[in-house]
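Colleague: Okay, so the sequence shown: first residue is 1 according to the UniProt record's numbering, each after it adds one.
Hints in this document: simulated from the structure, not taken from any laboratory.
Treat the hints loosely; a few may be bogus.
Said to hold, decoys possible - Ranges between beta-carbon positions, derived for each pair:
{"hint": "1", "residue 1": "Arg151", "residue 2": "Leu183", "range": "26 to 34 angstroms"}
{"hint": "2", "residue 1": "Arg51", "residue 2": "Gly250", "range": "54 to 62 angstroms"}
{"hint": "3", "residue 1": "Lys122", "residue 2": "Arg53", "range": "38 to 46 angstroms"}
{"hint": "4", "residue 1": "Ser32", "residue 2": "Asp114", "range": "30 to 38 angstroms"}
{"hint": "5", "residue 1": "Asp118", "residue 2": "Trp28", "range": "18 to 26 angstroms"}
{"hint": "6", "residue 1": "Thr255", "residue 2": "Asn47", "range": "35 to 43 angstroms"}
{"hint": "7", "residue 1": "Leu183", "residue 2": "Glu16", "range": "43 to 51 angstroms"}
{"hint": "8", "residue 1": "Asp189", "residue 2": "Thr236", "range": "25 to 33 angstroms"}
{"hint": "9", "residue 1": "Glu247", "residue 2": "Arg51", "range": "55 to 63 angstroms"}
A virtual CB, placed ideally from N, CA and C, is assigned to each residue, including glycine.
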Amino acid sequence: MVNHKRRKRLLKLLAEHQTASVPQLVEWLSASPATVRRDISWLAARNLLTRTRGGAANLAQKKRNLTLTSETFEHNIQCFADRKRAIARYAAGMCQDGETIVINGGTTTFMMADFLVDKHCKILTNSFLMAERLLLSSENEVILPGGKVYREQNVILSPFDNDITQHHYAAKMFMSVYGLSLLGLMEADPLLIQAEKRLIGQAEELIVLADSSKFAKKAGLILCGLDRVSCVITDTHASDAAVQLLEQSGVKVITVAPEAVPSPVASMPFSHGYEFTGSSLYQTEAAH
Numbered sequence: 001m002v003n004h005k006r007r008k009r010l011l012k013l014l015a016e017h018q019t020a021s022v023p024q025l026v027e028w029l030s031a032s033p034a035t036v037r038r039d040i041s042w043l044a045a046r047n048l049l050t051r052t053r054g055g056a057a058n059l060a061q062k063k064r065n066l067t068l069t070s071e072t073f074e075h076n077i078q079c080f081a082d083r084k085r086a087i088a089r090y091a092a093g094m095c096q097d098g099e100t101i102v103i104n105g106g107t108t109t110f111m112m113a114d115f116l117v118d119k120h121c122k123i124l125t126n127s128f129l130m131a132e133r134l135l136l137s138s139e140n141e142v143i144l145p146g147g148k149v150y151r152e153q154n155v156i157l158s159p160f161d162n163d164i165t166q167h168h169y170a171a172k173m174f175m176s177v178y179g180l181s182l183l184g185l186m187e188a189d190p191l192l193i194q195a196e197k198r199l200i201g202q203a204e205e206l207i208v209l210a211d212s213s214k215f216a217k218k219a220g221l222i223l224c225g226l227d228r229v230s231c232v233i234t235d236t237h238a239s240d241a242a243v244q245l246l247e248q249s250g251v252k253v254i255t256v257a258p259e260a261v262p263s264p265v266a267s268m269p270f271s272h273g274y275e276f277t278g279s280s281l282y283q284t285e286a287a288h
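All chains should be modelled from the sequences, with the hints used to inform the complete structure.
Modeller: Given below as structure tokens:
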């Protein structure tokens, strides 16, 4: 088993069992004691687990949770979580192995990561939280644009027009939005407008993930008109009038029933080791 797969498996085992001894990990991972100890040291150095006498332990949840500077993201991911989860599941089901897809930063799109675990797609995202989750839980290829990380908005944005985004073309883009109206997709933050317009231009189909609460939200910025939207996935709480208005504008609307959210609600582990190092977890370590 290659380094990154073995380390990913080790973290999953600790998440399941909370603690494990070196002999247990040797058996579970089919690796030598020396290899397991090196992995434990490597992951502990990046604050992804806790070393114990003779083994390792899952990092306490409060330590593993990345302290987000944006309280809005933490709050929003729990609002209407049952609706967002059902929407995210349906959206992930639209992804086919081998496809290139774009996913923007948002709470509903973030939930897609849970349902992309068994997919093998090429995923371009401007969300460093989405990238982290995909790297830890799946075998999807992840592409990030270069640039500055804006933590409050949860996006990576390049100051240059000719960033890596322009070299990738996607069959589908999945987008969360602040609000949705007959005027189009609405955002409240100019920085998000700038980041997302770049991504929209690289996709053939624009699929919007919007729980029914988004139909009542208004914002001062319009990201794009409804003529650019191929499909809106919402929940069954959306009013018939709202759905009909979208359909009359030529937008396909899919409604899904809310589903139960696993406890604890919207528990999303983020590791401090990814705050700046990105995909370094999956680089081959130097020979020992």
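Colleague: Which numbered conditions among the earlier hints are violated in the structure presented, ordered from lowest to highest?
Modeller: Those not satisfied: there are none.
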